[in-house]
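I would like the entire structure built from these sequences, with the hints used as guidance.
Protein chains in written order, with full-length UniProt numbering: chain A, 1 to 379; chain B, 1 to 379; chain C, 1 to 394; chain D, 1 to 394.
In case anyone wonders, no lab produced these hints; they're calculated from the structure.
Just so we're clear, the structure is a prediction, and the values are computed from it rather than from any experiment.
Backbone N, C-alpha and C fix where the C-beta goes; we use that ideal spot for every residue, glycine too.
Fair warning: there could be bad hints in the mix.
Unchecked claim - Facing chain B, a subset of chain C residues (Cβ under 8 Å, in silico): (1) ASP294; (2) LEU298; (3) GLU310; (4) TYR326.
Unchecked claim - Partner residues are not named here, just some residues of chain A that face chain C (Cβ under 7 Å, in silico): (5) VAL200; (6) MET343; (7) THR344; (8) ALA358; (9) TYR367; (10) ALA370.
To be verified - Not close to chain B: a few residues of chain C, all C-beta gaps over 10 Å, as computed: (11) ASP30; (12) LYS43; (13) ASP184; (14) LYS227; (15) TYR229.
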Amino acid sequence: MPLYHDDDQAMLADTAAQFMGEEGAIAKQLRHWRDKGCKDGFGHALWKQMAEMGFTGILVPEADGGLGMGHVEAGIVLEEIGRNLTPSPFLTSSVMAATALGQGGDDLRARYLPGLLAGDSVFAVAIDEGAKHNPDRIACKAEKSGNGFRLNGKKDFVVQGASADMIVVAARTSGSETDAEGITLFAVPRDAAGMGHNSVRLVDSSMASHITFENVELDGDAVIGEVDGGRAVLNRVLDAGRVGAAAEGVGVARGSMDMTVDYLKQRKQFGKLIGEFQALQHRAAHLYSEVEIARAAVIKAQQLLDAGAENASLMASVAKAKAGKAAGLAVKEGVQMHGGIGMTDEYDIGLYMKRDRALAEFMGDVYYHAGRVAEMSGY
Amino acid sequence: MPLYHDDDQAMLADTAAQFMGEEGAIAKQLRHWRDKGCKDGFGHALWKQMAEMGFTGILVPEADGGLGMGHVEAGIVLEEIGRNLTPSPFLTSSVMAATALGQGGDDLRARYLPGLLAGDSVFAVAIDEGAKHNPDRIACKAEKSGNGFRLNGKKDFVVQGASADMIVVAARTSGSETDAEGITLFAVPRDAAGMGHNSVRLVDSSMASHITFENVELDGDAVIGEVDGGRAVLNRVLDAGRVGAAAEGVGVARGSMDMTVDYLKQRKQFGKLIGEFQALQHRAAHLYSEVEIARAAVIKAQQLLDAGAENASLMASVAKAKAGKAAGLAVKEGVQMHGGIGMTDEYDIGLYMKRDRALAEFMGDVYYHAGRVAEMSGY
Amino acid sequence: MSDLDQFRSETRAWLEANCPPEMREPVRDDADVYWGGRKATFKNDAQKAWFEACRDKGYTVPAWPTEYGGAGLSPAEAKVLREEMSRINARSPLSSFGIWMLGPALLQFGTEQQKLKYLNEIARGEIRWCQGYSEPGSGSDLVSLQTYGEDKGDHWIVNGQKIWTSYADKADWIFCLVRTDKNDKYRGITFMLFDMETPGVSTKPILLISGNSPFCETFFDDVKVPKQYGDGIPAQVGEVNRGWDVAKYLLGHEREMISGADGGDRTAAIGAILTRAAGAPLDPVLRAELAMFDVDALAYAAMGEKFLDEVKVGKAHPAQPNMMKYAGTELNKRRHELIMAAGGSAALEWDSSESSEGAKPRAWLRTKANSIEGGTSEVMLNVIAKRILELPGA
Amino acid sequence: MSDLDQFRSETRAWLEANCPPEMREPVRDDADVYWGGRKATFKNDAQKAWFEACRDKGYTVPAWPTEYGGAGLSPAEAKVLREEMSRINARSPLSSFGIWMLGPALLQFGTEQQKLKYLNEIARGEIRWCQGYSEPGSGSDLVSLQTYGEDKGDHWIVNGQKIWTSYADKADWIFCLVRTDKNDKYRGITFMLFDMETPGVSTKPILLISGNSPFCETFFDDVKVPKQYGDGIPAQVGEVNRGWDVAKYLLGHEREMISGADGGDRTAAIGAILTRAAGAPLDPVLRAELAMFDVDALAYAAMGEKFLDEVKVGKAHPAQPNMMKYAGTELNKRRHELIMAAGGSAALEWDSSESSEGAKPRAWLRTKANSIEGGTSEVMLNVIAKRILELPGA
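Following this line, the structure appears as structure tokens:
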């Protein structure tokens, strides 16, 4: 498959760009909800609109009422989300939770997918227990209890956790905390008794939860996939999250770069447009090169994931790490090249820096994924 | 003690600069011996001259006939050696072996120091066994044999090994290969039976040996310091080597930078001196900053070593790593900014790149020393 | 006993007697810093006692001459005082842009009457100054400033706007660069002093990406600045239209201040601190990044020491503060990137039920201004290229 | 079966019949590469047979028209041929600057007679060309070249010097940029063709820091170049004084060639290879550096694939080869720095009793030229800034 968008994908990209540029724009969404101190960190009306566009079901099979598209298409939407810093539960709900539900039984799908397709439901995914991403360690425990399970433990950095109608929770049903096997994924409804939320606002004004589970009773229907066999499902969810976050990161990088290059063409210093200074030209050109390469890595990873290729997971880590590098560079150069006004809350470039930081941590940072590339490559 | 040279040191620096600039110049020494394919990789006449200047005994106590100076002064000579790429056995003989002999008994000092002071003897130090520096692993074995020891094993990357009249060898007299204790240092004379040299020319046209020891009989007098207690002596030798190599590295960096900045002021492209291009100006200014900082780290490390301070060894690693970073940048920028002619053997800038590469490996590269900084700092 | 030893023991005794225990504790919040001025209040009696003892001894500005409110200490004595204060962790009795910036300018360029009046007021903490340099359109190109003072005979009418005026909303007076000749870029700027309560002056705090800030926008709307205050004290420092000389002189001071303040005084490996804070070994690739950073940071700490030693004896290149500022601020930005990485998602918290501070992310974002304020990294590199490397056309 | 499938199976059969097994082995040394020309000799019968089979079929230049010695294949057919050759690891039958550089220039700018004569000679491997562009004083600023051809009516007298002329000492003819009008920088250059055996032409190989090289200095000392060869075949390509147009066209070709050739085609993590080679775990900080490099390298491999896919359908920005060249060559330099670091002191050996090759350090040093030859990294960044980002004054 060639590494560029085919005609249908290009059309989707146009649609997504127009929609996010208008409806998802910074002034209309991010600043609006942030300045309101909104407890969700995003707007439900936009989520509904995204459902009307078909975006929410982009990865949901046609048989289940979705568009049945792949990670390339989800990435197209995410890149525009990143470019406009549009706050939405798209990545956790339509990409990660939808990937999990895709491995679930008919009952689960019937229970949760219609709400997602309609833009009425929001989902979250709870994996990490601690401040750094580490899916190899799952201590949160689900013990057999009657026909179901009893959940105890805690989860951190659950993005949209407090807004979610359902949370996909990775818990341990056997073995010890760093065992690869013995994991089970559960679809935990928001009203489950015994669940405690400590919701925090993050630097990018998105919301995340520290969740505690104290004897949370789940019935057997809550299991996604096989009991004790959740690692495979979790890996799919993780790869979807990595590649999705990478696509959004490329969007952040491009948004930041475009804004900065525009500024270089407008701002005068010492009687010249600052874009005429060769030192800035070279740094901007280097940045362009890094962003282009990150974008190629992300598209490659999306295609491999859609094709179910053996090396998809390796490339997912390459994509997440490279997107992190490129976006990190883009926002740093962005703020520095904007000078003083780049430091003010009034200008949008600082918002890119904040979003990049939160996105960098989400599903593992560049160091984690570089290390994973090394491990998967056998060194 | 202030972190700059006092008047005596400044005078020594002038003397060393003049001497190396004239007698140790690239055309006169490095190119001359290289193009002759000289088996030593340096000229004995220059070594004799360095003795006449007093340089060879700079670290030898006055009681033993030396100048009784410190690592700051040795570093002054080394910086000029680095700046002129002067090939000589100064670092291995007058810095490292002299540091070892300083811990030896009267007999050993009487046997070896006069030759060093006169510029008649050359010494080497044999530590590593393998392609990467790793002084924590010493497998080369010395077993009791009569009144002395029998040496078996091998040593790699022994700089000046084949030219040396005496080689300081770190060997194991007890324990297993990664034990900290159980090391003994020996002064092994060149004519010891059972020693095999495989001498190789390195990229910078210096010479190094792979040495094998097959039942090499040493008498008890060959022991430097205490049997089994050689780790402390070895650590002193290593710190002297680290700080010395760092000083030479700063010289390489400054030599390369000065040559490059001069070139920026002479070479025209597109109707301008290339030094007028802001992108090159900023890179040159950044390089200047890195080299200055490296130089400060090296002087700090020298002073701490001379003062016997507790954190001297940590700072020795900081100095070696930072000098490696700065010199590596200096030679890369040097070759790139020289353009095509920088790639020709005719121009000296490439010689700086080659020397930097060999010096980077000597006594541990930037990665080794960064890791050592982390370990010593407790992480 | 040498004179200096004598001075040291006297100083030690004086500090023992006059510096209250509360003033030997680290500064915890803004109110712990006393800035003086008309509107100033003391947080507590200890702060007041310490300030007044220092003021009366001339120790708010120990090296200034006694006639200007200082203690007239020699450089060696001033160093002893600094050392002795640092030994007991004594807080600074008075923070002030008057001390750090206007004072040095007046000492160099002021008339005798200006010195007598303003330096004493500064030393006694009676007046709080702010600095009006940057404008929205000027940035690094300070000299392109547009704020204009129209000559009306015995006064100017000033119109324009300043930005990045630290504590403009709390200051009594401003020292301010004003264009007084539109035909000469460099020789058409006057370094003016005027009261912030003059009609037409207004301020507006700037919200930064890191949150609230001491920075303000300052607006001048037909502000009338008399050319003389009272008994022939000129309203400007230096000559009219030659304020750029004063500003340049002060920029040097500011850069030395900033270059000393950032990234330079840390001698402990950050990797160790962050690993302890994390309570577990860090990711191996992150550990490697920290190790590479610590090499740079510990080397820079040595550079900081060397720089100060050289400054003391006049051995430092006059443009070396630019190098220090560049390297120190870039390093500090990297330091905070690594603090954020080691802190992981916990370091992302902006506010939560436990804290509405977001100290880590705010500190991280704040460092991004290090390489902009007081001369951008790009300007620092230009200066190094021109004045140290002497590259052509730089 | 489609025409293309038909062509594929025919091609496969033809290759089976005509490509000797020896020509399916990787190239091991210089003699394994056949460059053609007057002085050419074959290393062995297999090389000769393979070259002659391809020459007779037009497969030395498959996409050129048959009247010029090619096979007249469509782009799709040419791709099938490449794929099928690559499938059996078939060596290239003929390497030639005539094919890669002069040929495309002649196809675009040559007269019919020039095409008939030179393209056929090139296709048949009868002539070996070298390229005379760079001069000691010109470097990146190619158009500043000084080699001068004085107009003598029916001929020029050429004087000057070229540098970086690859294989000048082995070439039969040269295509060469010569100044023919000193008053017009861009429109005063002629793209001339002449015989390297012309009196006054001499060459001298250049020794590089990495050792011997194919590069030469080439000297012209009163070289007489006729304006016409035989039956009205002009000695220049394009018009007199308009050689810059031809050169610019070719520079684009060269960059695409180089951007494809460097650093882009590796999809295996280098850290794994180096760790295997070391036979032990590498230093943890070096491992981290390798991991960070592998992220960049594997991402760049994807970029290489994307770039080629986009080039095929004309979707790539026309200046994108500059980005590829920049990123690919910088990456390749980093790759070899890491190979050296992982190799340790063993990688420093220039010659020893076992080897007088020093393959690792020579390869490492050779990569330093990657970001200089074919347009420096600085020129690439200038082009990206100007043509892609459209920054002012770039």
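Earlier hints that do not hold, by number: Of the numbered hints, all hold.
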